Amino acid sequence: MREIQYRDALNEAFDEELARDENVVLMGEEVAQYNGAYKVTKGLWDKWGDKRVVDTPISEAGFIGMGIGASMLGVRPVMELMFWSFHSVAFDQLVNNAACCRYMSGGLINVPIVMRGPANGGTNVGATHSHTPEGLFAAFPGLKVCSPATPADAKGLMKTAIRDNDPVYVMENTTLYGNLGHVPDPADGDFLIPLGKADIKREGSDISLIAHGASVLRCLEAAEILASEHNIDAEVVDLRSIRPLDQDAIIESVKKTNRAVLVDESKPFCGVSAQIATLIQDYAFDYLDAPVKRVCTIDAPAIYSRHVEPDQLPNAKRIVAQVLTIA
Amino acid sequence: METANSPNHSPLDFAGSPINKTLSAEEKLETYRQMVRIRRFEQAALKNYQKDGTMGGFLHLYIGQESLAVGAASLMGDHDHMITAYRCHAHALAVGMNMNECMAELYGKATGCSKGKGGSMHFFAPDKNFWGGHGIVAGQTPLGLGLGYGLKYKGLEGCALCFLGDGAVNQGAFHESLNIAALFGIPVVYIIENNGYSMGTSQKRSSAYKDCLAQRADAYDMDWDVVNGEDFYEVRAKTHIAMERARKEHKPTVLEIMTYRYYGHSVADANHKKYRSPEEIADYKKNHDPINLWAAKLISEGHLTEESAKAIDTEAKKEAAASTKFAEDSPAPTIDDITDDVYWETDNNTEASKIGRHFFND
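Sequence order for the protein chains is X and V.
Residue numbers 4 to 330, in our numbering, belong to the letters of the first sequence in order.
Residue numbers 7 to 368, in our numbering, belong to the letters of the second sequence in order.
Source of the hints: derived by calculation from the structure; they are not laboratory data.
Treat the hints loosely; a few may be bogus.
Quick list of simulated restraints, FRET-style, between CB atoms [unchecked claim]:
(1) V:R363 / X:E206: 16 to 24 Å
(2) V:A302 / X:K54: 45 to 53 Å
(3) V:R363 / X:G46: 50 to 58 Å
(4) V:R211 / X:F94: 24 to 32 Å
(5) V:D346 / X:D285: 42 to 50 Å
(6) X:T328 / V:G59: 53 to 61 Å
(7) V:N355 / X:E206: 41 to 49 Å
(8) V:G83 / X:I203: 38 to 46 Å
(9) V:A317 / X:K54: 24 to 32 Å
Nothing here was measured: the structure is a model prediction, and the numbers come from that model.
Glycine is no exception: its CB is placed at the ideal position from the N, C-alpha and C atoms.
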């Protein structure tokens with residue numbers, strides 16, 4: 004199977020969906036003529052032109068809200084936030100309008116929009132550009148949130164998100180954009196990955212490492228160390244989708260391994276892993292041989308210093324150390 | 007073209023404007039009937055609200071401003087859309103929503119226009135091109151931009167009418183929207199309903215401006231105009247010009263329509279007779295009431311009589327009373343209803359909705 008970069012997998016998803024549905028329009032700061040701040044939309048403006056790929060001013064509240072309004076009329080905007088960290092300047096639109104319009108209208112309206120962009124730390128850019136708001140947005144019923152870790156997942160989830168009739172917030176990752184991975188050839192058919200379906204990235208029997216986004220890769224690294232140095236066979240569950248959430252996959256894995264470490268780049272307080280911990284407690288308590296443990300980003304704004312930031316985030320060393328406390 | 011960007015009210019008689027000249031007597035009476043219905047509906051709502059606490063919620067009344075929503079709605083064609091903020095009852099009724107569904111929504115009943123899920127500030131009727139009803143000041147202004155964007159994207163000749171209050175003009179989202187509207191050539195008409203008070207703060211204490219609020223559009227090289235809201239013909243004439251500019255030229259406009267609300271910001275506004283003088287309120291009611299002035303005009307034109315006006319009023323009161331009864335007799339939503347209308351996919355029981363957990367209640 005061919006290997007392509009994460010950013011190119013996304014690009015291919017956009018290209019295919021632009022071709023499939025004339026209502027799909029890409030929009031955001033620098034997405035068109037500049038080819039995207041991270042080159043995710045490279046070549047699409049050249050190919051599809053001004054109507055389908057649109058540069059916006061630096062006005063997140065204005066253009067995100069505009070996309071929501073247009074989606075109510077049946078346009079299917081794919082809105083780029085250059086960084087998800089900029090969500091805060093458009094928060095009213097992202098939360099009050101995208102998440103609540105359907106509900107407050109008693110189901111008369113739906114908002115088929117995709118909000119996307121990178122949401123990650125680890126790039127030495129300081130606190131304001133390193134937010135990971137997947138747990139925050141998953142906390143708002145009406146929104147859907149996913150966080151792909153691999154090029155194939157990025158493509159498959161993005162295509163599904165664009166076709167979904169509800170607002171889907173896709174959290175990408177600047178540290179993953181250049182990663183290579185196997186992605187099925189478009190000639191072999193439409194490649195979709197459903198929302199709400201986790202993926203076992205590594206099978207194991209001794210402990211479940213449950214993660215999403217880049218933390219999945221950290222878990223895979225940790226699993227290798229655990230196998231080679233500690234004779235522990237870890238299973239890595241990639242959630243892929245935060246809401247809807249594949250609860251069955253989580254619970255099945257924990258029932259099999261009887262131990263769980265939740266790895267989560269968001270902050271510990273009410274983060275994604277906090278929700279998963281409560282689900283395990285509710286549905287697999289009797290199967291647990293040890294308390295559920297977590298590895299989150301250390302609970303402070305993202306530190307700028309490149310000397311320290313890698314240790315503020317979940318990494319293989321921290322994961323291994325946490326696993327060894329219960330395994 | 008009548009595009010004089012002057013805050014001074016024009017001495018023009020707008021009855022002679024092309025869009026008004028074509029109005030039949032029946033159409034004129036219908037707009038009058040709409041205004042009276044809106045007022046009687048809201049007066050009934052106020053009474054119900056104060057009756058026994060069964061209604062609850064906020065209640066932002068439009069009383070005194072009726073000519074604006076009715077004037078604009080009377081100009082809407084198949085591809086024209088409307089969106090507004092939380093003072094939305096008038097717009098809802100003006101586009102054709104019925105009193106029953108609106109009153110029931112105020113009561114939080116399952117028969118309400120939003121099944122009791124929206125309340126006073128969140129009336130919607132997409133089938134009538136009415137997109138709410140939005141509770142956050144200026145939050146609807148990017149959405150109105152998006153409605154215009156959607157029309158243009160789909161190649162439909164229409165426009166979006168986006169209402170906002172004079173207090174909303176200082177929100178960043180509105181300025182971002184104006185810039186994008188002008189930059190992208192979006193068919194949207196922003197209508198500032200200027201009732202002089204941003205909640206309890208007068209215009210002078212809340213906004214920095216030279217001659218008027220609409221003039222800020224100059225900075226975005228956008229057309230703008232000031233409208234005397236008590237003159238129904240003027241509201242229609244100037245709004246029509248802006249709508250045609252949007253439909254035909256894809257150019258946005260900011261209209262500032264001068265008006266007044268008789269009641270407080272909401273019914274909960276206990277201070278509305280402190281930040282405004284009783285004389286000011288009385289003067290507006292006596293000399294500037296848009297319904298009275300429109301009635302006088304229609305009487306002078308020979309379309310309305312004291313008797314027929316009274317009959318319209320009686321009919322409206324009866325309709326409002328019936329809507330109160332409908333609302334009171336209607337069932338409330340059930341606990342099971344709470345998790346409906348959150349996601350399109352789960353409501354429609356699609357394949358996608360069966361994958362993964364969407365709700366986390368237990």
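For each hint given before, does the structure comply? Return the numbers of the non-compliant ones in rising order.
Hints 3, 5, 7, 8 and 9 contradicted; others consistent.
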